[in-house]
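Visitor: Each chain, letter by letter, is given below.
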Amino acid sequence: MEAVSLESVTKVFRHRPALFNWLGTERSGATRAVERVTLRADAGQVLALLGPNGSGKTTLFRLIATMLLPDEGRILVGDTEAVVHTQAVRRKVGFAVASERSFFPRLTARENLAFFASLEEVPKAIRSSRIEEVLEIAELSSNADTLVQKFSSGMYQRLGISRALLKRPSVLLLDEPTRSLDPGAAEHLWKWVRDFGIKRSTVLIATHNFEEASAVADSVAVLSKGVLLSRKSLSGRIGVDELRSFYFEQVDGARHWERSVHADR
Amino acid sequence: MLIDKLVAVARRDLLTTVRYRGGLLVHIAGMLADIAGAYFLARAIGSGFRPDGVDYFSFLLVGTGVAQMLLVAISTFVLAIQEAQVTGTMEVLMTTSTRPFVIVLLGATSAFMGRVVSLALYLSVGVFVFRAPVQHPNLLTFLIVLVLAIATSVALGILAAAVQIILQKGSAVVWLFGSVVWLFSGVIFPVGVLPQPFRAVAEAIPVTHAMNGLRMALLRGASLTDVAGPVLVLCGFALVLVPASLWAFSAALNHGRRAGTLSFY
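Keeping their order, the protein sequence lines are chains A and B. Those letters in the first sequence? Residues 0 to 264, by numbering that gives the first Met the number 0. Those letters in the second sequence? Residues 0 to 264, by numbering that gives the first Met the number 0.
In case anyone wonders, no lab produced these hints; they're calculated from the structure. These figures come from a predicted structure and were not determined experimentally. Do not take every clue at face value.
[As the list claims (entries may be wrong)] From the structure, some residues in chain B lie toward chain A, with a derived Cβ separation under 7 Å: (1) ALA7; (2) THR15; (3) GLY87; (4) GLU90; (5) VAL91; (6) THR94; (7) THR95; (8) SER96; (9) ARG256.
Beta carbons are placed, not taken as given, at the ideal position from N, Cα and C, and that holds for glycine.
Isolated chain A, as found in the complex (with noise of 0.2 Å):
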């Protein structure tokens, strides 16, 4: 298990016009999708962030992971600088993307995994029973031998848990993991992530659902238009509907500065 720290990190997507722009109808500028973000979630923690579409979520999980550069700050797995040993980031670090259709098409589940399962270095003795366990948790073992072009929305998005877990991350990234699971393999997805998080990872989820961050949750941090509002404690177990009040009251108050400052200006 090692802790995951975010210090003041910032990224921007830059958008350039085509470089026959005749129409003129192509936006330029930039989106700054992640601002002077400083956020740790200690080893073994559960950390849920919250927030409106395009505040910056997935962007943060993805800094994490590699799959892109931050602009400025520093990202650190354990002690590992991601910016700098990103080979040695990547063996600690297990993401479950949200896209549903990110594996072969003609390939059984089983087949995408062992394929995963080489190129993630899991040891060839004990691959196959890896990938048995990894099957089990997603409750996707009698779908094993199925070609993942004909699964549902649901278990593409049950194999990218298991395709994440295959290394045994010590940190863990779930981006909306139960958008698309029905109420029962949510709870049990839930009971999972808890036990997980305690027993070996650290678990950073990105959600919309209050009942999820609830049930997960060592502590939330909610985030709007890229920036971190605030970040609280869910060691007392708070409520659903506490949680919700709590959010609205981040979200909104940062709304109604956000048009303040406008309307001064």
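Once you've looked at the hints, dock chain B against the given chain A.
Guide: Chain B alone, transformed into the frame defined by chain A:
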């Protein structure tokens, strides 16, 4: 570990190819049609035309077979990146415990193994079914030139993949290169019939030298000493292009990570 990963990549590609049953049959039918086309073209032109002193059907068989193998293999890189971008596997693959350039090289090796099998089938059908006159082929020389041809083509494929990542238009590079090869590299007519300035262009294309060396080895039984010229030129191309392409690919990946465009297509 590397062999294990190569097996995993080759297995993925083989299973995917075999499971596109229709595609495999169409590929075989297309190959037979190409050979038949070359056969009847050579018959129409007549036995008096002997480019570089060899039978024209054999000349065409090696020219079209090798050109298709190299061009399809080069395009495989771009197609693999495009497919990974469309399906969403791109970012996942680039953040596993295996270095991205290793994944690309393994994918290339697997693709080329498939293309070499196709070439062997293509030449065998030409020789044994359509009776292309091949006398005393020097298979060792053929294999050495083939390996060098593959090395330079791998580099060109990786360069095209880098263009695909940065501009999302790698297929245009492959199309342009394909057109240049068909015109300048002596695929269906000898380079000697080109005007002098065009011959200089032909000399600058590795495929021209590969074609020359492979024809000499297969159709005239040339020894390694006989093909020393093409072999040295191909070695030179490989020494420059392979590291340059790996550097370009790594730079393209970093650009994609900085701009957040890795999965754009």
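Visitor: Using Cβ atoms only, decide whether ARG256/B comes closer than 7 Å to chain A, and label the hint accordingly.
Guide: 5 Å, holds
Visitor: Identify whether the interface hint at THR15/B stands, where standing means a beta carbon of chain A within less than 7 Å of its own.
Guide: This hint holds: THR15/B lies near chain A, its Cβ roughly 5 Å from the closest one there, short of 7 Å.
Visitor: Hint check: is the beta carbon of GLU90/B less than 7 Å from a beta carbon of chain A?
Guide: 5 Å, holds
Visitor: Tell me if GLY87/B is really an interface residue toward chain A, meaning its C-beta lies closer than 7 Å to one of theirs.
Guide: 4 Å, holds
Visitor: So, ALA7/B near chain A? Judge it on the closest CB pair being under 7 Å.
Guide: At 4 Å from the nearest chain A Cβ, ALA7/B passes the 7 Å test, so the hint holds.
Visitor: Do the numbers back the hint for VAL91/B, that is, is its least Cβ distance to chain A under 7 Å?
Guide: 5 Å, holds
Visitor: For the hint on SER96/B, does the least C-beta distance to chain A fall short of 7 Å?
Guide: 5 Å, holds
Visitor: Please check whether THR94/B passes as an interface residue: C-beta within 7 Å of a C-beta belonging to chain A.
Guide: 5 Å, holds
Visitor: Holds or violated: the hint that THR95/B contacts chain A, with Cβ atoms closer than 7 Å.
Guide: At about 4 Å, which falls below the 7 Å cut-off, the nearest Cβ of chain A leaves the hint on THR95/B intact, so it holds.
The earlier numbered hints are all upheld by this structure, with none contradicted.
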